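Enquirer: Since chain Y is already given, all that's left is putting chain D on it; use the hints.
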Amino acid sequence: MTGTRGPGHGIVPGRPAGHGAPRVLAQACWPEPGDGPPPPLPGFVHSAFAPLVAAAAGRCLERRPSPAPAGSRCAVVLVSAAGDRPSALHVRSTVAAGGRVGPLFFFQSVPNSVAGQVAARWGLTGPVVCLSPTGDPRADATAEGELLLYDGDADEALLVLIDEAPDATPTGAVAVLLGGGDSQ
Amino acid sequence: MVERAPVTISGTYAVSAFGRGVDALLAGVLSGVPAFRPVGRFATTGRRVTVAATRPDVATLPQELADAVDAACVTAGLDPAQRAGAALLLATHGGPATLAGPYTDDRPVADTDDPWWADGERDDAGPAWPELPTLAVRLARRCGLGGPTRVYTTACVSASSAVADAAAMIHRGDTDRVVVAAGYLVEPDQFALFDAGRALAADGAVRPFSVGRQGLLLGDGVAAVVLESAAALRARGGSPVATLVGWGRAGDAHHPCQPDPQGAGLARAVGAALGRAGLPAGAVGYVNANATGTGFSDASEAAALRLALGEQAGQVPVSSTKALHGHALEASGLLELVVTVAALGHGKLPVNAGWLGPDPACPLDVVTAAPRPVTSRYALSLNAAFGGANTALLVGAP
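Chains as they are written, first to last, in my numbering: chain Y, 63 to 246; chain D, 5 to 402.
Here chain Y stands alone, though its shape is the one from the complex (with noise of 0.2 Å):
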């Protein structure tokens, strides 16, 4: 996992010991043994940033042991180091040059297109919180997901982390589905 620094760097210290602790519901990654490539995803192209997304975060919803409440709110964390990276350069490289850039990249210019895409496919209305880790990504995601589920706004927590390989090509996503922890 890229801009991993020492485990617990991202978590706020002075949580009151035993609060909201949540529960781990279901994690997946992709790939997993077996796995090619991600399925494409409509509307999303250049990167396997997004399809990353959505086939990791597919995979932990199916494996969730019960349905969601009804009603209830889940909320979607995506942390990733620098976004879709591989289509920002293209961006880049494109204006630089005074070319111009296609308009599917705008709409795929932020990580929260995916988070919202992700959220529409499985009708999560919880916030969408997207992250650049400052210290051990799932430590900094997990602290997200927690501090939702405490202050009210979410029932459940989709963490997703995204793995780059040194050149910044998106290689894998994590995905862990939280619930359970107090709310106010």
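Because the hints were derived from the structure by calculation, they are not lab data.
Because the structure is a prediction, the values reported are computed rather than measured.
Among the hints, erroneous ones may be present.
[Unchecked claim] Simulated coverage check for chain Y against chain D, where a stretch passes if three residues somewhere in it have a Cβ under 8 Å from a Cβ of chain D:
| no. | segment |
| --- | --- |
| 1 | 184 to 190 |
| 2 | 208 to 219 |
[Stated by the list, open to error] Sample of chain D residues at the chain Y side, in silico, Cβ under 8 Å:
| no. | residue |
| --- | --- |
| 3 | W121 |
| 4 | E135 |
| 5 | T157 |
| 6 | D169 |
| 7 | M173 |
| 8 | P192 |
| 9 | D193 |
| 10 | F198 |
| 11 | A203 |
| 12 | S243 |
| 13 | G255 |
| 14 | P260 |
| 15 | G269 |
| 16 | F300 |
| 17 | A389 |
Glycine residues also receive a C-beta, built at the ideal position from the N, C-alpha and C atoms.
Expert: Coordinates of chain D only, in the frame set by chain Y:
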């Protein structure tokens, strides 16, 4: 469950096309004269739109962020020890490095020094722009903020999400003090993307909620806000400039890029903010709207306000100051929070520029002709983004 504690806003600062400082921003939005001008800092050849609300003379984005944090902390009256305990939540664009600034007379100038944010690293273009997490750590160190850092890259609700999270952290008892900083300086890549997406107003004007609106225009925005627990502020003898009485975040679950036409997600965010504050819809005396001047988006927001406020929605003064200072993308939520706090404090509500006439799809009481007097202690600042992300911040006069 920890005891809930009020969250105060003790310091604000902003840089926009209207100038440096809150007073310049307030004067600009009360003037009703938009700050859009031809872009000079990069070529707009071949673009449908060639204007934005740029400030001609700005430093690099990291330096502007550092100056904004310092100014907000000075306004709040924080001493070095109090800064050292504060967290930093940073909201800015999450793409690869975009070296925005410095600009003089809206023309790029070389930064030949060894700036603190590059930490001695250079590339072919000059000082090397750090990855966002590294920038956040260096910014915190530069400004003497010793608490945890978090970086929000959640598009146009980045800053407002950070403010909501800051309030939640304070409520939960994680920390007494959080500095939220946000910045966007108009640069060629996002400009090209918004132009390609036909999101920019081809007529060079932003007309929120108005008939004939054609889209948004980008604008510079760098801002910082200090949030503190009321007890911590009281203990150090400080005074609030406002109170954050409520906040809410919710998703549409509708589409990757388009808002829910019914406005259900934004309405739930408003409902959550009112619920946290324990206030009825009728208490809201002003809405600083997200409205970007985009056809379906503004109509969706109007629908959300009808859902959330009921019949009150048609009687609450509403304006979107994006018509004046432009859309500052990831920083927009903080810039507009600063506007809302300043308007409440000054007693005048800013106008919604670009008005051509009412749109039946937006049945709201839009502030059009001139600033109106404040008649209530409470105001909402709303933001929405791609991904169906919505936030509502409910501000109370001190």
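Enquirer: Return the numbers of the hints above that this structure violates; sort them in rising order.
Expert: 3, 12 and 16
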